[in-house]
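Engineer: Guided by the hints, dock chain B onto chain A, whose structure is given.
Below, each chain spelled out in residue letters.
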Amino acid sequence: MPDWAQYVRQNLALSRLTVQREAEVIEDLAQQLDDAYAEALHRGLTPSQAEAAAKKHIADWPALAKQVERSRLGRESAISTLQNRTEDRDIARHGEFSLFVGFMQDIRIGLRMLRKNPGFTAVVVLTLALGIAANTTVLSWISATLLNPIPGVAHTSDLVAITRGDRSDHPTPPFSYLDLRDLSERTQSFSGLLGYHDDYMSLTGVAKPERIYGALTTANYFDVLGVHPILGRAFLPEEGTPPAGAAVIVIGYAVWQNHFAGDPQIVGKTIQINRHPYTVVGVAPRDFTGCKTGLRTDLWIPLSMDRDVWGADRPARRGTFWLNVLGQLRPGVTKSQAQAELNLLMQGIAERFPEDHRDSPNEISLDPLWRSPFGINGYLHKIFPMLLGLAAVLLLLACANVASLLLVRSVGRRREIAIRLGMGASRQQIIRQFLIESLLLGLLGGTAAIVITKWTSHSLIAFFPPSTLPLTNDAHVDQRVLFVTIAVSILAAILFGILPALRSSNLPVQSVLKEEATSVSLTLHKSRLLSGLVVAQISLSLVLLVCAGLFTRSLQKAQQSDPGFEASHLLLASYELSPAGYTRATGVAFNRQVLDKLSALPGVESVTVADFSPLSFSIHSDYLQLEGYVPQPHESMEISRAIVGPNYFRTLRTSVISGREFTAADTRDSQLVAVVNQAFVGRYWPGESAIGKQVTDWGDRFTVVGVARNAKYRLLTYPAEPVIYFPIYQESSPTQDNTIHLRTTGDPRAMASSVEQAIHQLNPELPLFNVNPLSVTMQLGTLFGRIAATFAGSFGLLAMLLAAVGIYGVVAYSTRQRTRELGIRVALGAERRGIYRLVLGQGLRLAVAGLVVGTALAVAFTRLLKTQLFGVSQTDAITFASVGVLLAIVALLACHIPARRATRVDPMVALRHE
Amino acid sequence: MFNRELKKGSAEFLILCLIEGRPRHGYEIGKLIEARSKGLIQFRIGSFYPILCRLEARDLITGRWVEKAGERRRRFYRLTPNGRKYLAAQRGIWNEFVSTVNHVVRPDLA
Chain A
1 MPDWAQYVRQ NLALSRLTVQ REAEVIEDLA QQLDDAYAEA LHRGLTPSQA
51 EAAAKKHIAD WPALAKQVER SRLGRESAIS TLQNRTEDRD IARHGEFSLF
101 VGFMQDIRIG LRMLRKNPGF TAVVVLTLAL GIAANTTVLS WISATLLNPI
151 PGVAHTSDLV AITRGDRSDH PTPPFSYLDL RDLSERTQSF SGLLGYHDDY
201 MSLTGVAKPE RIYGALTTAN YFDVLGVHPI LGRAFLPEEG TPPAGAAVIV
251 IGYAVWQNHF AGDPQIVGKT IQINRHPYTV VGVAPRDFTG CKTGLRTDLW
301 IPLSMDRDVW GADRPARRGT FWLNVLGQLR PGVTKSQAQA ELNLLMQGIA
351 ERFPEDHRDS PNEISLDPLW RSPFGINGYL HKIFPMLLGL AAVLLLLACA
401 NVASLLLVRS VGRRREIAIR LGMGASRQQI IRQFLIESLL LGLLGGTAAI
451 VITKWTSHSL IAFFPPSTLP LTNDAHVDQR VLFVTIAVSI LAAILFGILP
501 ALRSSNLPVQ SVLKEEATSV SLTLHKSRLL SGLVVAQISL SLVLLVCAGL
551 FTRSLQKAQQ SDPGFEASHL LLASYELSPA GYTRATGVAF NRQVLDKLSA
601 LPGVESVTVA DFSPLSFSIH SDYLQLEGYV PQPHESMEIS RAIVGPNYFR
651 TLRTSVISGR EFTAADTRDS QLVAVVNQAF VGRYWPGESA IGKQVTDWGD
701 RFTVVGVARN AKYRLLTYPA EPVIYFPIYQ ESSPTQDNTI HLRTTGDPRA
751 MASSVEQAIH QLNPELPLFN VNPLSVTMQL GTLFGRIAAT FAGSFGLLAM
801 LLAAVGIYGV VAYSTRQRTR ELGIRVALGA ERRGIYRLVL GQGLRLAVAG
851 LVVGTALAVA FTRLLKTQLF GVSQTDAITF ASVGVLLAIV ALLACHIPAR
901 RATRVDPMVA LRHE
Chain B
1 MFNRELKKGS AEFLILCLIE GRPRHGYEIG KLIEARSKGL IQFRIGSFYP
51 ILCRLEARDL ITGRWVEKAG ERRRRFYRLT PNGRKYLAAQ RGIWNEFVST
101 VNHVVRPDLA
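These protein sequence lines are chains A and B, in that order.
For what it's worth, this note's numbering labels the leading residue of the first sequence as 1, then goes sequentially.
For what it's worth, this note's numbering labels the leading residue of the second sequence as 1, then goes sequentially.
Excised from the complex, chain B in its bound form:
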């Protein structure tokens, strides 16, 4: 549905949003994006995982192994304090962008 560029540009933002409330493991994040976008945005593990690595390297998210009874351990990701600030800033930019785009394409909305 959406082209690669669009997805790539927004992936970081989406990930940060989804783990803002609580830590989630990698596959769960991908599935959640897919579900909430009603299947319009899908990520393969191969393209999704490097983004997680990058966010972690930049100290915006951090991963931790969590073991649950009867399950194999999973790596859960949550926001770092830096990630929280970054997300707040990105959200502001995003809202502005959206309203600007709306303003351009549909002046009646703005």
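One chain only, chain A, in its complex shape:
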């Protein structure tokens, strides 16, 4: 019997295996040859025939050795230069049970592909980053305002803002304390109703008195919100239930840090507010800055201290509506149930106290805090969703752009894909590989977007002009933003990755492998898809540009519109009198002195004082009774009212159409007088003469002595509303806010220091604030228009850029693909002009299709903007036409470059190129 082990050892040249493994292989093979030999003998062959038959089993010894060694060393084929083949086979061989292994390998391959094409990767990541960042920026604002209406209070979904009457963009506090108390006692729907009144107060008794925004609150304020002071405690019921009250205060974290250096012993100490002492009982948590979104409150005092703080006695007056109210719904109670119950209770109260509720609407409405009419959300909830819509369109456009880039690139990868399909990779594996590459691109884009958003989320605050309002903006990249960014990145990756993946994985392997690399070109399917993507990009960018155009024109119209006063050359300066210890009489005297002194300054044309300034959300309103006007049932007689000094209309250049304006002689000792505007007359006394009519305010009867032109004091985009003016020297109490309006002959800024000096000569300790030209502060009146126009504008420009790159890329690419064809045409005598037109025509056809589709989309989309536009229709022909022309020019330029290049094709070079 042959020694098979010896035979194998002699023939099989193994060099790269361990000794033990080599022995095993030899023994195993020898055993098998032995089996073959034994079987041959069994079949009846002679020993030598059997030996020969067995030996025939292994003919190619070197090949066997190589194969054994290779599988032993765990190394598979190295025949292909294609790096990815190994992974394909690993994935194929491990099957579905090791999806994870395949997934990790796909990621590795994906990262390698991205590294291999740094230019491509950079363009795609940048495009995606801008598209995603547009969304996350808007989202970071939404997250900080609409979704987090009370910073420091995590769960606000069961809190509602309670208002009376129709929804208004500028509501005044709707409830009196006594009404709120009665509602709280009787309601079954709410576990708590809190009331507060916020306004500036002065921190006195310190070296330099400071204005601080504070709130008078019901005793349960912190309990209903679920806010626990970090030091001390909140208010006790007996401290804040009128008529009882205690001079206690909860201070905000910032006040504690900035004014009391974070004194850990602050609780129990006494501080002064508006010159009255209060004992600190608690310090609010750091995040908590009150419950009016966008406005920062820094101290809280029980509302029973109204007399001390404001010298008023509002808690005792049922007809004085001064409290904003938030309610916490009991679990299981719906808003409509709660609303129905409050309505019933409110009707009962109104019936029992008809005198106090005659002039005000008594239906209750409830709003979730994201659209609470109090605070900044009342405005933002209309703008932000719209901006988010525009940002989503931009992202869609970015996705179309990236999809077309991927599709073009996939043409260059046809051979690679065909080889992998040929080596046994399944179509799913190829699709998965493509999608994972897209996912990596998407996540890289998302990461870059987070970095951008970290910066842009703060940009909202840049739109706020200097203002007397304690505006805050806390937008930043929070967890919610982070989470959504990741989700959006993945979604975008699927969106832009799926079409190229499906198209690219569907290849006729054999024919692709036979193709010469240079003759690879787009299939009809792919070029149709690519054209579709270009059309999508142009149409989406048209939508964005139209929106941007409409917002910009709307803002322009607003800024150019006549506000009813002349803002240039006007300097403002504000101070408060009652916190500084002035009484009515001394306050009037002080204002007279100030006006006299300022009007004597060189460079001053005229000067006046008012309790507000235009377009800065500072005008107040009162409930009025008007002679000869019977309000509709539930009609609100709450009307904007301005308290102004002598020469107000002359200084603001708002003309008085009939009658007269106020003079220094209109005092408490003379007849009480008022001026109304045209809108007032039109609304309440149409067709009548207003002069001589009587108006009742807070029980005082005023006689109308003049009618002024309409002027806009809230937002430029609002229609003119009725306004009544009262003379400042006839006020029954010292006015809270006093804003000097100074008309200068030169630059108003240059007067700022001399105005400050003049006032401080009269009272060196009086804090002056908001010393700014009116033209600056009134920017607040176009705040929302500017936000919309700026963002829609930048989205539009970005969109145009992306679309231009998109159309250029596709035309340039397909022109390069056609180099040979163009060469032949030239060789056959085609004119250069014809070639130029051929290439240009191809791009322009796509552009025209995009413009047509985009116009249709834009008409549908801009309908949603209707309420946000001012002085321009949502189908404004000028905007549509100029955007169309602009995009057409951009498309023309984008096609011009490749078309020019095509005319320079040298037929010899083009043909040799093959």
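Some clues are possibly wrong.
[Stated by the list, open to error] Below are the DSSO-like pairs computed for lysine-lysine, each with C-alpha atoms no more than 27 Å apart in a straight line:
1) B:Lys31 with A:Lys55
2) A:Lys56 with B:Lys31
3) A:Lys56 with A:Lys66
4) A:Lys866 with A:Lys382
5) A:Lys454 with A:Lys382
6) B:Lys85 with B:Lys31
7) A:Lys208 with A:Lys269
8) B:Lys68 with A:Lys55
9) A:Lys335 with A:Lys557
10) A:Lys55 with A:Lys66
11) B:Lys38 with A:Lys55
12) A:Lys382 with A:Lys557
13) B:Lys68 with B:Lys31
14) A:Lys597 with A:Lys208
15) A:Lys66 with B:Lys38
16) B:Lys38 with A:Lys56
17) A:Lys335 with A:Lys382
These are calculated hints, taken from the structure and not from any lab test.
Structural biologist: Chain B alone, transformed into the frame defined by chain A:
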């Protein structure tokens, strides 16, 4: 009978199927394929053995020396847990392939 490509493509599958029920040694597997295919599929040791090595390297099968009384020891191969899963997956693919091919060549069968 069948060309090399066809044999090579199906060898792994056949091996895995044959050792699914019980462990078998190398020569036995080859002979079993030959017998069950009525001699239409034959493998030489030289081409068969590398496939075993490869399957083992990929952790789909594992070999173990077994000694029986009066015989020299033989290396028996059986499925690993991975091999079992892989075989199940391959069987599904194979059945689908066969029915697809049948469907194409003989629509009356499908």
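Engineer: Against this structure, judge whether each hint is valid.
Structural biologist: Results for each hint:
1. B:Lys31 with A:Lys55: holds, 16 Å
2. A:Lys56 with B:Lys31: holds, 15 Å
3. A:Lys56 with A:Lys66: Since the Cα atoms of Lys56 (chain A) and Lys66 (chain A) sit roughly 19 Å apart, the hinted pair holds (cutoff 27 Å).
4. A:Lys866 with A:Lys382: holds, 11 Å
5. A:Lys454 with A:Lys382: At roughly 24 Å apart (the allowed maximum being 27 Å), Lys382 (chain A) and Lys454 (chain A) satisfy the hint.
6. B:Lys85 with B:Lys31: holds, 25 Å
7. A:Lys208 with A:Lys269: holds, 19 Å
8. B:Lys68 with A:Lys55: Given pair Lys68 (chain B), Lys55 (chain A) holds - Cα atoms ~25 Å apart, limit 27 Å.
9. A:Lys335 with A:Lys557: violated, 40 Å
10. A:Lys55 with A:Lys66: The hint holds at about 19 Å.
11. B:Lys38 with A:Lys55: Distance ~23 Å between Lys38 (chain B) and Lys55 (chain A) Cα, so the pair holds.
12. A:Lys382 with A:Lys557: With Cα atoms ~20 Å apart, Lys382 (chain A) and Lys557 (chain A) stay inside 27 Å; holds.
13. B:Lys68 with B:Lys31: holds, 20 Å
14. A:Lys597 with A:Lys208: Given that 27 Å is the threshold and the Cα spacing comes to 24 Å, the pair holds.
15. A:Lys66 with B:Lys38: violated, 31 Å
16. B:Lys38 with A:Lys56: holds, 21 Å
17. A:Lys335 with A:Lys382: holds, 21 Å
The structure is inconsistent with the numbered hints 9, 15, although it conforms to all the rest.
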